[in-house]
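Participant: Listed here are the chains, written in short residue letters.
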Amino acid sequence: MAQILFFYFGGMTVLSAIVAVATPHLIYSALSLLVTFIHIAGLYILLHAEFIAAIQIIIYAGAILVLYLFVLMLFHSKQEPRYLHRQLPVGIFLGLVLLGMMVLAAFRSEILGQIGTMNDKLGHTKAIGMALYTDFVFPFEMASLILLVAMFGAILLAGRTVRRKSDGSA
Amino acid sequence: MDLMFYIVSAVITIAVVMGVVLLHVAYITYFERKILGDMQDRMGPMEVGYHGLLQPIADGLKLFFKEDIIPSGANKIIFTAAPILVLVPALIGFAVIPFGRDSLTIGPFTFNPIITDINIGILYILAFASLGAYGVLLGGWASNSKYALLGGLRSAAQVISYELPLGLALVGPILLSESLSMVKMTEAQSGGALKWFILVQPIPFFIYVISAIAETNRLPFDLPEAESELVAGFFTEYSGMRFAFFFLAEYANMILTSCIATVVFLGGWHAPHPALEFIPPILWFLAKVYCFLFFYIWIRATLPRLRFDQLMGFCWKILLPVGLANILITSIVVYWLRS
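Residue numbers (the working numbering), protein chains in the order written: chain V, 1 to 170; chain A, 1 to 339.
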């Protein structure tokens, strides 16, 4: 049963990811990315990582992709193909680099068979909390610092246009 | 054989829960019209059945038999899928709500008062609630109409923003009950009204109620469908059955958020005093949910609509900082009490 579900979730993840890249229609592309995210959450549930699955849907599907869709909806449909074709060589190059890195990582390391410090008695959510706030507290805080800097950057970029507008009218 | 009995009873439980929820959704519209009528000193629906009791059924039949119109230039696939994308997340959340205490055994079948108790219950509801924004956004976009598009954009911005204080408000009770499971959260509040989380966490309760009203796009936060400026917002172009789906989703969401508030802040199916436990738990649950639903309608009859910048400013500048401060204080106190 778990194996059938794994092949369903894995297959749908790959299939919808391919559709997301291949379709020329921006909204369909975003929607198939949504399907990808939900099926990845399904894979997490098969791994008994329920907390990660819920967070995957809340953050990626519920927040980030909605904001993508927000922008895509305001695009003019006739400008889409031209805009996409200009990025094609760069996209192919970056994709190949990423694929190469993943293949290298898969053959060089032992990610697949590693046994962590996860304790089944604690429950999954508690175990993640314990690991994040004890063993990995420094990387965790670093990540939040990087996100904070990105947030400042976004506010600074968005705030600048408002200031310029009010200068012009004054 | 046991597996078969298990599957059959699970399917029956799901069917009963969905049926009961949809029935309540239909009758909430009746109560809303009656209560609004009473508050505005008029009768409300009176013609169909005794005091208009069959009005929701008549409305449902009318919408079912209406002509299905798809505007020209609309994206047909997304236009037809959007109402379903709104309704499914609203109904799927009921799977983890514990409605009562006792399970019912008839012959080989055992019926629990909850479809399934999963260890991330509350996150599961939040995850699917966050998917509800897609239907609204896509419905607005696929209609090929500027009012629908603007309504969809507004609604998405509002729903994403108010999800944050809503989630933060739920963290306090989660810290106190040390669990994400709805059943364990109910159990943590047993032993009378003094144990309910609303007494320890009054500020998150208010944040939750305000954000829940905003999440369900109800007055005074119904900007996505502000009649005076956007016609009907994201479902301007919808008619017949698809319009009914959006309508059902809004009321199902109202009931769902009331159920969550009942479980998380008001002790779920627990009686307010141990002496009152002879009344069935499911009746206590219903009574608490209906208090919230009455509050929704009462607010609608009382308050005028907010402006969009007021709405966003209120969320980001007041609710969010207060929610964060509450998490900080609650976690310090919980840590201090336990160590």
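If you're looking for bench data, these hints aren't it; they were derived computationally from the structure. On a predicted model such as this, the values are computed, not experimentally measured, just so you know. Hints should not be assumed to be uniformly reliable.
Rough simulated footprint, nothing fancy, chain A against chain V, three-plus residues with beta-carbon under 8 Å [to be verified]: (1) 98-105; (2) 147-159.
Ranges of calculated distance between the beta carbons of each label pair, as one might list FRET restraints [stated by the list, open to error]: (3) LYS126(V) with TRP298(A): 47 to 55 Å; (4) ASP68(A) with LEU98(V): 43 to 51 Å; (5) LEU104(V) with VAL88(A): 51 to 59 Å; (6) LYS126(V) with LEU22(A): 21 to 29 Å; (7) ILE84(A) with GLY95(V): 44 to 52 Å; (8) PRO139(V) with VAL88(A): 45 to 53 Å; (9) PHE93(V) with PHE111(A): 41 to 49 Å; (10) VAL21(V) with LEU22(A): 35 to 43 Å; (11) LEU46(V) with VAL334(A): 31 to 39 Å; (12) HIS273(A) with PRO139(V): 44 to 52 Å; (13) GLY10(V) with ARG42(A): 54 to 62 Å; (14) ALA22(V) with TYR290(A): 49 to 57 Å.
Glycine residues also receive a C-beta, built at the ideal position from the N, C-alpha and C atoms.
Participant: With reference to the structure, classify each hint as holding or not holding.
Facilitator: Against the structure, the hints:
Using a Cβ-Cβ cut-off of 8 Å, 0 residues of the segment 98-105 of chain V lie near chain A, which falls short of the minimum of three, so the contact claim is violated. Note: the segment 147-159 of chain V has 0 residues with beta-carbon separation from chain A under 8 Å; the three-residue rule is not met and the coverage is violated. In this structure the hint that LYS126(V) and TRP298(A) lie 47 to 55 Å apart at CB is violated, the actual value being about 40 Å. The hinted window of 43 to 51 Å between ASP68(A) and LEU98(V) holds, with their beta carbons roughly 45 Å apart.
At about 41 Å, the CB distance of LEU104(V) to VAL88(A) disagrees with the hint of 51 to 59 Å. LYS126(V) and LEU22(A) have their C-beta atoms about 37 Å apart, which leaves the hinted 21 to 29 Å range violated. Distance hint check: the CB atoms of ILE84(A) and GLY95(V) are about 33 Å apart, inconsistent with the given range 44 to 52 Å. Range check, PRO139(V) to VAL88(A): about 37 Å between beta-carbon atoms, so the 45 to 53 Å window is missed.
A hinted range of 41 to 49 Å is violated for the C-beta pair PHE93(V) and PHE111(A), which are about 59 Å apart. Judged by the Cβ atoms, the range 35 to 43 Å given for VAL21(V) and LEU22(A) holds: they are separated by roughly 40 Å. A C-beta distance of roughly 33 Å is found between LEU46(V) and VAL334(A), which places it inside the suggested range of 31 to 39 Å. Taking the beta carbon of each, HIS273(A) and PRO139(V) are about 50 Å apart, inside 44 to 52 Å as hinted.
GLY10(V) and ARG42(A) have their C-beta atoms about 59 Å apart, which keeps the hinted 54 to 62 Å range intact. In this structure, ALA22(V) and TYR290(A) meet the distance hint of 49 to 57 Å, their C-beta atoms being roughly 51 Å apart.
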